[in-house]
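Top to bottom, those sequences are chains C and U.
FYI, this note's numbering numbers position 129 of the first sequence as 129, with every residue one higher than the one before it.
Start counting at 1 in the second sequence, then tack on 1000, and there's your number in this note's numbering.
Note that these hints are calculated values from the structure, not bench results.
Not one of these hints is a red herring.
Each computed PhoX-like pair below joins lysine-lysine, with the alpha-carbon atoms no more than 25 Å apart:
#1 U:K1150 <-> C:K399
#2 U:K1150 <-> C:K325
#3 U:K1124 <-> C:K266
Model, not experiment: these values are computed from the prediction.
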Amino acid sequence: MSRGACLTIALAVTLAPMPAHAYEFWLRAQTIGQAYQLRDYQLVGPDLFLGRRRVTQTLALRITDVGDFAAARRLARLPEHGLRISWQSYLRVDHDFGDFTSGSLTLAGPIRRDAIDAIPELADSVAGLDLMYGYLQLDGLVDDRLMIQLGRVLADDGWGTTGIDGGTARYQLPESVLPISVAASAGLRVRASSPLGVTSYELDGTSGAGCQEYVEGPTPGTGSWKLIDRNRMITGTALASDYEYCPQRDVNQPTVGFMLATTHTKHFAAEVGYRRTWSDTVGLIGPVDRLSTPDLGLYPNEFGQAPATGVDEERLYARAHADFKAGGLAIEPYGDARYSILHAVLDRADAGVRLRSGAHVLEPAVEYYYPTFDGDSIFNAFSLEPTTDVRLGYRYGDKGPWRATADAWLRRYAHEDATTSFSGGGEAGVQRMLGAGWRGGLDALADTGYGGRRIGGTAQAQWRGTETVWVRGRMIVLAVAEDPTSTVLAAHYVTTSANFSTTWRVADTVALHFIGEADHDAIHALQTRAIAVVDLAYLPEP
Amino acid sequence: MKARIILLLLLALCVVVAAQPAQPEELDWSPVVYPLQRLPLIFSHQKHLARGTTCVACHPNATSSQSAVDNLIPTEAQCRACHAIDRADPAKQATPTAACGACHPNWTAGSVVQQVYLTPPPLKFAHAQHASTTCETCHPVRNVDLATTKQLPTMASCITCHKDGEEERHCTDCHLAKLGGLVETQFEHGRLVPGRDGLGDQHGPGFTNNHTQEARQAGNTCNACHDKSECVECHQGVVKPADFHPGNYLALHVIDAKRGKDCSACHRSESFCVACHERSGVGTRAASKFNEIDPSTRFHPIGWASPNAGPNLHAQEARRNITTCASCHREEDCLTCHSAQPGAAHASPHPIGWRGSSRCRALDRGNRRMCLRCHITQDELGCDWSKH
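Please put together the full structure from these sequences, using the hints given.
Next up, the structure:
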């Protein structure tokens, strides 16, 4: 749409006579400035420090009761009933103007290039305009049984959240039929290439094939994969790589999901769900499809072996928890599992029980993890070994001055050759209110086994003597011994870190935060980090 | 053996905690929902009820009250219905008692009567809608003298009739909502947090860093009080959370990453890890300090990428935690050797029994594009072919 048309529509909307509705707004805005350094290991000469200078603006917005449909009941303090229309969104603008993204580097050759041209992944940092979610919600339909969300909605299977540009509908069955609700969602999965896209919603392990094309050889089946030649498409943009072109990463990913969940059940809740994401196979690459050899598309397809579509994700998940009491003991067992139909494996599961007696909570749990990736990724063929964790957590929190936590864990690696290896460790900490607004705490950490060994502790103090100023300091000392089995960089060293943070509550919900950090170890002589945040909807922690 | 010992120890710890004597749930009556009261009165519900006095005799507005802010405490006028109170005669002797000091303790002639002080609970509640329920169902006053907050219903008692596990929007059926529809949690007299009644954790010690189960629970009520942006700000945020990643985590993350710690709740390795590693010179694309040819600066140990098996071969690391590899390497690096293309090394990454396995069939059926990255000729595709 042209700029003129946009302006005309904006003016028309602004100037059109509109009835005055008392919509309710809630918004939270944060302006965040960060400056810190990262090391750039140099081939020749001393290492350099790369500066990151980030400015981020966020805006979370809720507009409730659009149209005032629920105003009468709300003012009468009656339970909500009937149509309620609301909007929820979270928008983020993020820009890094430090050397980290805007600098250049030397490739083998040597060739000097802009960093973002050589490392396309930096595009996430250089300038992001992300709509994390934003949807219109129609609630209270069909006698308060149906809820519809339209826009960029969130989908969660218990192990991660993603975004879908589309809609979700949830219907509560009559209690006399079944105490469950059914939900369905459909739309396009949010990708980095989506309008106002979000990289973190993408499945991990997206195929490198997205950036390469199959170039056929003299006879069918003798070709090879080559980086898609993008020389004729260079745009000179500073916000993305000029050299990498990944059409498979840009195609739409339709997604559908279904869910059944218990409702109105006491002391027990469960949910089962299904989600499937797929994408079309990229065919001819269009303007850059200029090869002299027969080109049949991004993938080899001399014999029609390239599928028209491929599944990126197809999963079933289930989660359940319960709570009951036995004497003075509250018992809350839970279990969750996720099965990847695409990989034919159970890729996530956990089970545990939370035992609560007064101020004491004990939680033994078992977790299972089998890494799986986007269906396009060859990592699916490499990743073959699951891990199993046994964990035990303890919490103590009463109205008194003391609070304590302790966690122990053991991880078992099951290898393909039927052998096993382990890692394990524990953490423990205590906090105490010291009076006059002071609070102090000590934490200790120790772990060992596969991966390395760490032992050390943290001491921290916090002062909240007034309603407007908070101050907190922390000192961390850790001895580290890295496991040398995969890198020869492994070393023994002691790392120290000093953190300082303060909050100045300027007004009721307006606060300025400042965080400073200085780190020292054998590899990084001194690294510093400074963060400043202007928070326009500040709510102090208890 | 070690694992069994550890499991036994864990079991023993569970038994010890389970054997703890029951402790009273002191927080059942939230001081935020029911703020502290000042009741300088002498009164016995027990005696009045024993005489057959009905509740509405003293609380006549209770059956019609529409709001929790309504003051339903009996006024002097209601007491006068039975007690012959006479302000001109504060020490009046009568049956039933009519002296001022009989109800107002420590009152002496000429002094000011201490006022009853009740902060209305921050709740929505209509007594009128509960008129068909007996008063004592919610207010167990038959055996007490002065009724206090202990005779007000807790949420646990509410949900004996009002079923729990419902969607988050129903929290504001009873709790006050602030602008935007979220539950109002901030009051002058305290902050509202979930109680220990099966509807949520109390947000106790370590909750900020350890709330996985609460968030994963079906039907959780997190979004009744928390805007979704609060999740995003941390899980997909732009600021390193200092409490979760302690100081100098940049140096320390190596061990967690190698162990295969799941970082996917916040980070996507193919974008987050790769960008930083490559830019820092710990990658494969830029000219780096780490050079596999030079033994003094090599990153991986000798034999890491050898075509032959050996103690340092990368195979086991890749099978165990390919995410760590992917934080620097792209798939093209793997395909240099692991490919069935003409001219490639044909090093198969597949385990014994891969062909014909359910996993092979599932992946091939779901997305053959992955297979085509290595297997190009038609007779190598699928899971039923045998090597010629």
